Amino acid sequence: MKAAPLEHTVSLRGLFSPDCGRPLVRPLLVATLILPFLLFPAPGTRAGDDSTLVVACGADRYSKARHYLSFAKMSPYVWITEPLVFRGDDYKPKPGLIESWEREGRTYRLHVRKGVFFHNGRELDAEAVVHSLKINALNRSETLRIDPESYRILDKYTLELTTAHTTRHFVGFMSHPFISAYAPDTDFINHPVGTGPFMFKAYQRDRFIEVVRNDNYWREKPPNKRVVYRFMPDPQTRLMALLNGECDIVAAVDAQMLAALPKGGGFKVLTPEKPRSYICLTVNIHGDPPFDLLGDLEVRRALAFAIDRKMMAQAVFMDKARPAKSILAPWFWDQGDDFLEGYGHQPSKAKQMLEAAGWRPGPDGIRVKDGRRLRLRLVSGWPTASALKPLPEMIQQMVREVGIDLELIQIDDDGVYYGNYMAPGQADLFLEKAGNSGGLTPTWLLYMLYHSKSPWADSGYRWTLPGQEFDDHIDQAQATDDPAEILLHLRGAQKVLIDQVCSVIPLLHAPNYYLARPNVEYDPEPAGGYEGFGYAVKH
Amino acid sequence: MTGYLIRRLLWLPPTLFGLSLICFALLHLAPGDPGELLLRQSGGPSSAESAAQFKAEMGLDKSLLQRYRLWLGRAVRLDLGESFTTGEPVRDQILSRMPATIKLALTAFGLMLAATIPIGLLSALRPQGWLDQGSRLLAVVFASLPNYWFGLLLMFLFARYWQIFNIVGHDRPADIILPALTLALGMTAVQSRLARERFLAVLSEDYIRTALAKGLNRRQVFIRHALKNALAPLLHLWGASFGYLLGGSILVETVFAWPGAARLAVDAVLNRDYPVVQGYVILMALIFVGVNLAVDLGHALLDPRIRQSLVAGEK
Numbered sequence: 001m002k003a004a005p006l007e008h009t010v011s012l013r014g015l016f017s018p019d020c021g022r023p024l025v026r027p028l029l030v031a032t033l034i035l036p037f038l039l040f041p042a043p044g045t046r047a048g049d050d051s052t053l054v055v056a057c058g059a060d061r062y063s064k065a066r067h068y069l070s071f072a073k074m075s076p077y078v079w080i081t082e083p084l085v086f087r088g089d090d091y092k093p094k095p096g097l098i099e100s101w102e103r104e105g106r107t108y109r110l111h112v113r114k115g116v117f118f119h120n121g122r123e124l125d126a127e128a129v130v131h132s133l134k135i136n137a138l139n140r141s142e143t144l145r146i147d148p149e150s151y152r153i154l155d156k157y158t159l160e161l162t163t164a165h166t167t168r169h170f171v172g173f174m175s176h177p178f179i180s181a182y183a184p185d186t187d188f189i190n191h192p193v194g195t196g197p198f199m200f201k202a203y204q205r206d207r208f209i210e211v212v213r214n215d216n217y218w219r220e221k222p223p224n225k226r227v228v229y230r231f232m233p234d235p236q237t238r239l240m241a242l243l244n245g246e247c248d249i250v251a252a253v254d255a256q257m258l259a260a261l262p263k264g265g266g267f268k269v270l271t272p273e274k275p276r277s278y279i280c281l282t283v284n285i286h287g288d289p290p291f292d293l294l295g296d297l298e299v300r301r302a303l304a305f306a307i308d309r310k311m312m313a314q315a316v317f318m319d320k321a322r323p324a325k326s327i328l329a330p331w332f333w334d335q336g337d338d339f340l341e342g343y344g345h346q347p348s349k350a351k352q353m354l355e356a357a358g359w360r361p362g363p364d365g366i367r368v369k370d371g372r373r374l375r376l377r378l379v380s381g382w383p384t385a386s387a388l389k390p391l392p393e394m395i396q397q398m399v400r401e402v403g404i405d406l407e408l409i410q411i412d413d414d415g416v417y418y419g420n421y422m423a424p425g426q427a428d429l430f431l432e433k434a435g436n437s438g439g440l441t442p443t444w445l446l447y448m449l450y451h452s453k454s455p456w457a458d459s460g461y462r463w464t465l466p467g468q469e470f471d472d473h474i475d476q477a478q479a480t481d482d483p484a485e486i487l488l489h490l491r492g493a494q495k496v497l498i499d500q501v502c503s504v505i506p507l508l509h510a511p512n513y514y515l516a517r518p519n520v521e522y523d524p525e526p527a528g529g530y531e532g533f534g535y536a537v538k539h
Numbered sequence: 001m002t003g004y005l006i007r008r009l010l011w012l013p014p015t016l017f018g019l020s021l022i023c024f025a026l027l028h029l030a031p032g033d034p035g036e037l038l039l040r041q042s043g044g045p046s047s048a049e050s051a052a053q054f055k056a057e058m059g060l061d062k063s064l065l066q067r068y069r070l071w072l073g074r075a076v077r078l079d080l081g082e083s084f085t086t087g088e089p090v091r092d093q094i095l096s097r098m099p100a101t102i103k104l105a106l107t108a109f110g111l112m113l114a115a116t117i118p119i120g121l122l123s124a125l126r127p128q129g130w131l132d133q134g135s136r137l138l139a140v141v142f143a144s145l146p147n148y149w150f151g152l153l154l155m156f157l158f159a160r161y162w163q164i165f166n167i168v169g170h171d172r173p174a175d176i177i178l179p180a181l182t183l184a185l186g187m188t189a190v191q192s193r194l195a196r197e198r199f200l201a202v203l204s205e206d207y208i209r210t211a212l213a214k215g216l217n218r219r220q221v222f223i224r225h226a227l228k229n230a231l232a233p234l235l236h237l238w239g240a241s242f243g244y245l246l247g248g249s250i251l252v253e254t255v256f257a258w259p260g261a262a263r264l265a266v267d268a269v270l271n272r273d274y275p276v277v278q279g280y281v282i283l284m285a286l287i288f289v290g291v292n293l294a295v296d297l298g299h300a301l302l303d304p305r306i307r308q309s310l311v312a313g314e315k
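Chains A and B are the protein sequences, given in the same order.
Quick note: the first sequence uses the working numbering, first residue 1, plus one each step.
Quick note: the second sequence uses the working numbering, first residue 1, plus one each step.
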């Protein structure tokens, strides 16, 4: 007799019959679904009460290292400490903790404001200022260049010091938040004690920094008793946290967040009237082959004329950015920008210039000269590569219209950007965004980036140096106290840099953006460029 | 078994040594000088002299071999040096962040297991059934899409739309659910399919049919024979996936602002903070080796054939 096939006798599917699989599987399935809720029943909660302001910031960039000195002084600037000298709206230094100053040669006499107290009750005096300046020297910055042997305390509120700087605008350097007042005999690394409107409460790396109001502050007291700055590296997370009521203000906003912000709901997009950053193309004018094409001034100028700045401002920055003719904003030292010819959007002129320079359209529209294609490399790098998207792609399309082929490289890594591209000059163009409020003195930024004697001249900026005429303007601006003469040379230097040599192509003056909940009032126009989130009013 | 364990542990020092050597070399071959990077990011320009002095203080003026020797000398005393960027001891920095990452990985792992076994089983018991088809479709979807995107989607649904959880948080136990779920989804998709295949293979084995033909209780057959034999090889996959969950949490930690060690490591890579990267790699290697050892031992306990082969290896 032939045996029946085994599967006719025993069905594997029988395993799923009520007496076998199901009693085991069902509870497993149910447990899978409800386990998380049983284990973690706590419901979500919304952000702080009315006396607490929560600010969503980008990644935590603070460091407690002695050589770094960034804790509580880098953005977000939480106002535990204050710079020794304040900046006015025009970026000229104005009295702060240092009330007045006099200069004789390279020696400065500083008069300390009386009646200002640190959070621990100690009075600010000349000794505390010397202590603070010595702390600043730990980071090996060349910003102040004070001779450490030169400090002299003349009386409780007066001191003298000598700097190696030849510039006459030394006091302006002290308006940088890095050069702040710290109480002597305190742990400035882990628990900064300053004179600012907020006192340090707590810090957890990559999570938050919390400050509370200093009720004895010597100037206007902030409205918020407590401010918590929460670090959220991802832009979309910051945006959702705002929409969800988990923060009151978003401090680090990029163009893509603006595009994703839902219409309606009353959320506020805040921008200062006066943009404090500039976006430009830094041009490699001294490059070696194959990055030598922009050694030709006519090609550089043609490229500058091919770019539609207005379209970039509208499409990417909601029309809040302004087409730029200069690097320093027109309102900086009231310099204006009429002194520059600049580069409007004139593609036909760009084409003519390229024709005149011998570049003829090839079969694919890209120009060719002596068998060489007009192909350039543009690098958009750290720390703004992500924030500047999609500007590189827009520039690529615009210059293609006039027959220039642009290779794009976008890197969010400082080491690769600097080490592989910028320092060795391995590109024709570098897309950069920077704060022109770095203007500690009127010539600071221009000197640092483009002067041949600057500490940075050996770095990647050597490919861009415009030459002696530019250096002369900067040197003369640094050697005078006369505001009219400073302005004259400031304009002269930019004229050389942009119109004559075209080693920098200004694109936009771009504002910082802030997002706020409907019940929050925040003035995005901070005096002197200092962010003042702690002064936002929450209704 | 004891001999096997000792043999495995003896392999640990050379493994860590080789790994640290490779990691050290790779880090130093990467473009970007940490000294220059730090000075550039610290807010002010520096002269060539002060930059050179700064590098000397950080030990970056020494040759690669000298630096490695110094690092190794300290590492064997469990001193991983100080972070270039924060100045804090690397060991403290990593250990203070590791619990958050381990907590996240363990929760994700638990969720993955809790989903993988029932889905794999049910799919195997009813091949081509609605659950099998559905889980196949979901597996393709979850395995293809980045967990970054899932994170944002879950945030939108559970925090923004239903308002069950917070977008960002670390203080309440519930705050871990969304990041853990995000981390677990992709892995669950793959693992449940592998579990299904394994269960299917075991269920069609002769010994299962024999056991059923002998009239044994189906539940007994299922639990004692099928489940045990199916799980043994899956253990290795789960061991590897735990490592993946630990190391792969970087995107999830970024999206949910979760203060874990993976984010610390990525920031350290970007800042060329060699001591932190080196310390993180060593710690991860230790965890990987430990998990794999535990898995091997677990496999041996479940499968007598493996146990016998290990014992035979000792002889």
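In short, the hints are calculated from the structure, not lab data.
Note that the coordinates shown come from a computational prediction; the quantities given were computed from them, not determined experimentally.
Heads up, some of the hints might be wrong.
Stated by the list, open to error - Keeping only pairs whose Cα atoms sit at most 20 angstroms apart, straight-line, the calculated EDC-like set for lysine to aspartate or glutamate is:
#1 LYS228/B - ASP296/B
#2 LYS389/A - ASP334/A
#3 LYS134/A - GLU57/B
#4 LYS351/A - ASP288/A
#5 LYS92/A - ASP308/A
#6 LYS64/A - ASP296/B
#7 LYS134/A - ASP296/B
#8 LYS64/A - GLU57/B
#9 LYS64/A - GLU82/B
#10 LYS201/A - GLU57/B
#11 LYS64/A - GLU49/B
Claimed, not checked - Now the stretches of chain B that chain A is said to cover, found in silico as 3 or more residues with beta-carbon under 8 angstroms:
#12 5-15
#13 25-33
#14 162-173
#15 284-292
#16 298-307
Quick reminder that beta carbons are idealized off the backbone N, C-alpha and C, glycines included.
Each hint tested on the structure:
no.	hint	in the structure
1	LYS228/B - ASP296/B	15 angstroms, holds
2	LYS389/A - ASP334/A	31 angstroms, violated
3	LYS134/A - GLU57/B	19 angstroms, holds
4	LYS351/A - ASP288/A	25 angstroms, violated
5	LYS92/A - ASP308/A	33 angstroms, violated
6	LYS64/A - ASP296/B	43 angstroms, violated
7	LYS134/A - ASP296/B	58 angstroms, violated
8	LYS64/A - GLU57/B	17 angstroms, holds
9	LYS64/A - GLU82/B	12 angstroms, holds
10	LYS201/A - GLU57/B	32 angstroms, violated
11	LYS64/A - GLU49/B	24 angstroms, violated
12	5-15	violated (count 0)
13	25-33	holds (count 4)
14	162-173	holds (count 10)
15	284-292	violated (count 0)
16	298-307	violated (count 0)
Going through the hint list in order, the structure does not satisfy hints 2, 4, 5, 6, 7, 10, 11, 12, 15, 16.
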